[in-house]
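There are 2 protein chains.
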Amino acid sequence: MNTTIETILNHRSIRKYTDEPVSDEQIETIIQAAQSASTSSFVQAYSIIGIKDDEGKKKIAEFSKNTHVEHASRVLIFCADFYRHELLAENKGESIADTLESTEKFIVGITDTTLAAQNAAIAAESMGLGICYLGGIRNNIESISDYLGLPSHVIPLFGMTIGYPADLSNPKPRLPLHHVYHEGKYNSNVEVYTNQLKEYDETVSSYYETRTSGERQDRWSDQMTSMLSKQVRMNMKDFVQGKGFNKS
Amino acid sequence: MNTTIETILNHRSIRKYTDEPVSDEQIETIIQAAQSASTSSFVQAYSIIGIKDDEGKKKIAEFSKNTHVEHASRVLIFCADFYRHELLAENKGESIADTLESTEKFIVGITDTTLAAQNAAIAAESMGLGICYLGGIRNNIESISDYLGLPSHVIPLFGMTIGYPADLSNPKPRLPLHHVYHEGKYNSNVEVYTNQLKEYDETVSSYYETRTSGERQDRWSDQMTSMLSKQVRMNMKDFVQGKGFNKS
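In order, the protein sequences belong to chains H and G. Start counting the first sequence at 1; every next residue gets the next number (UniProt numbering). Start counting the second sequence at 1; every next residue gets the next number (UniProt numbering).
It cannot be assumed that every hint is accurate.
Said to hold, decoys possible - Listing some non-contacts, in silico: residues in chain H with all C-beta distances to chain G over 12 Å:
no.	residue
1	4
2	6
3	20
4	47
5	206
What the hints assert, rightly or not - Here are some of the chain G residues that sit facing chain H, going by a computed Cβ distance under 7 Å:
no.	residue
6	11
7	15
8	31
9	36
10	38
11	41
12	48
13	119
14	136
15	173
16	176
17	192
18	226
19	231
FYI, nobody ran anything at the bench for these hints, they're computed from the structure. In this text the structure is predicted, and so the values were computed from the model without any measurement. Using N, Cα and C, we set each Cβ at its ideal position, and we do this for glycine too.
Let the sequences and hints guide you as you build the complete structure.
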């Protein structure tokens, strides 16, 4: 196994950091790594906003309801972004708004942004830094968007805290490989599927039991059903459509 | 610079492969790497379908209109997938269809799938393999979905070819770092932005000129305006809604 794969397999979200700061040079390398990811038809449909001042981190912590954000050295906000493309088209007297509004370009924007973000994550982790994604920025997406001054065709998708880890838990066990990976065709044999999920429930329970000295024994299936029975962030459709995305 | 960052910065899409096969063990490591990526609230909302037989590759090549697919050792199809969650909820007599239909969960599905895919890409490249993403599978998304036998709440987002590279071009230059990376707030100063894009047009022209011995001098801004003025894959909304995504 090479060191890159070791870094990847060793991933866990880090929410506790030491006071050691992440440098501007490290952030620059992380952004270069992000930019090196594949991009759909070379479109590079994203921007990244870096926050290092205490007030900015406090705001993001409040809006995202993630208190740990205040204690990270850096926060990056990853945004799907077609603003620059819109500007270029306008300068040529052309309109591309109809295309940008399509579900297809919404998919492209999210995909491009996420490819870049995961490169940033791996690059940071390869330097010994810890990261945690913040889907929580969508808890108050309007406020975050206003605070960052995002123009039309720019939406904040998720954040990422970065810092030196003060806490290294074990990586969380994932679904059985052959549940997620199918050969040739999708294998939705309900019996096989259900048995794999039962096996995984036991794996996850043991993980929590060991980690909490027996206090917690959550099953993944209960966690998922509980989480997914709650309607959250139901304003997302209006927000993204208001920014010119996902309308047609 | 460490070897992981070197691998990341050295990325270019590979569309020509040698005949050397990628082994099942390599694919297994690549899938483990994919599964190690962060996942929104531990939801693991994706599946990966691996294709190695000639007929399967031929089908994907036809549907995606990417002839190079036939010559890759392996093809992976990355799908956003809430089918297993739906099954778990059904088994408990609960319904989560309303939540799964939200724009929020559409974002979660695309993000989770893409984080996993980019880990797969980096893992493959770290082993000396080359990869190319296939957004083209969305050219015939209905046919691909039928061919793979995808149930409700599963949508194919993109593919990835994997093989030993027969051709190593130079990495393509990316947008200026400070055009994509903003500090503190989004900087949409139109003059600065426009100048950065002009500078980048020259960079991209030089890249193509060198690569094609002067035959091609495309400017990025022309490529983008031309591509984005064409409405493509406008059936995406109906398709994803038909699969139970992105309705509310």
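Consistency of the hints with the structure:
1. 4: violated (4 Å)
2. 6: Incorrect as stated: the minimum Cβ-Cβ distance to chain G is 9 Å, not above 12 Å.
3. 20: holds (18 Å)
4. 47: Since the minimum Cβ distance to chain G is about 6 Å, residue 47 (chain H) lies within 12 Å and the statement is violated.
5. 206: holds (15 Å)
6. 11: holds (5 Å)
7. 15: Hint on residue 15 (chain G): violated, closest Cβ of chain H at ~12 Å, above 7 Å.
8. 31: Cβ of residue 31 (chain G) sits 5 Å from chain H, so the hint holds.
9. 36: holds (5 Å)
10. 38: With a closest approach of 5 Å, the residue 38 (chain G) hint holds.
11. 41: Where the cut-off is 7 Å and the nearest Cβ of chain H is about 6 Å from residue 41 (chain G), the hint holds.
12. 48: Holds: closest Cβ of chain H sits about 5 Å from residue 48 (chain G), inside 7 Å.
13. 119: Hint holds; residue 119 (chain G) Cβ to chain H Cβ min 5 Å, cut 7 Å.
14. 136: Violated, because the Cβ-Cβ distance from residue 136 (chain G) to chain H comes to roughly 10 Å (cut-off 7 Å).
15. 173: violated (10 Å)
16. 176: violated (10 Å)
17. 192: violated (11 Å)
18. 226: violated (9 Å)
19. 231: holds (5 Å)
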